[in-house]
Amino acid sequence: DAGVIQSPRHEVTEMGQEVTLRCKPISGHDYLFWYRQTMMRGLELLIYFNNNVPIDDSGMPEDRFSAKMPNASFSTLKIQPSEPRDSAVYFCASSLRGSDNSPLHFGNGTRLTVT
Amino acid sequence: SQQGEEDPQALSIQEGENATMNCSYKTSINNLQWYRQNSGRGLVHLILIRSNEREKHSGRLRVTLDTSKKSSSLLITASRAADTASYFCATRTGGFKTIFGAGTRLFVKA
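Line order of the protein sequences matches chains A and B. Counting from 1, position 14 in the first sequence corresponds to residue 24 in the working numbering; the numbering is continuous, with no gaps. Counting from 1, position 30 in the second sequence corresponds to residue 20 in the working numbering; the numbering is continuous, with no gaps.
Quick caveat, the hints were computed from the structure, so don't treat them as lab data.
Some chain A residues close to chain B (C-beta under 7 Å, calculated; not the full set):
(1) Asp66
(2) Pro113
(3) Phe116
(4) Asn118
(5) Gly119
With a cut-off of at most 25 Å between alpha-carbon atoms, the simulated SDA-like pairs for lysine to any residue come out as follows:
(6) Lys87/B / Arg107/A
(7) Lys87/B / Thr86/A
(8) Lys88/A / Gly30/B
(9) Lys87/B / Phe84/A
(10) Lys78/A / Phe86/B
(11) Lys87/B / Asp67/A
Just so you know, even glycine gets a beta-carbon here, dropped at the ideal spot from N, CA and C.
Input sequences plus hints: build the corresponding full structure.
Below, the structure written as structure tokens:
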């Protein structure tokens, strides 16, 4: 089991540029979550999907952020245009909806720095 | 806004001592989970307690849940230097939405 795979591990970009973060969930998992972690705000849930369909995107900060899940094995989180306050570690997690008690499995995150 | 709030924010103990972390939450939950995060890594699931359970054990971990007080505690017994990490509680309400608290940073001195 390869676990949740995120890429890139580190991303440094200039303000105004488009950033795309990628996630491959664990095979067979039908829930996918995107979180953002900062020292000031902790772990924030941005959006989550079930069977590739967005269920709750109320945590997406603003229209500059968008997330897609074109198939069961791939998701992207895009920021366009990026701003310095978007600097954070972005985590993807997946879960198997066998029951309501299924845990989340996290990737190792993408550390984004916007200068 | 965050559902869970951990207490203390940071904890420093000697190896062999017990570490207790507390979590409070605001709304009704289906279950409460505890996760661990090592520096620079993703979170790892430790233990889950259902809303109808009061206590659960897993190895050196003991979790309690008091739904009347909307609080939970995580006890790590006989701590080791390798337990140094951040610990987060997470609550799941209806619809599989999982919200994390601010975390407790634990430092275990060898």
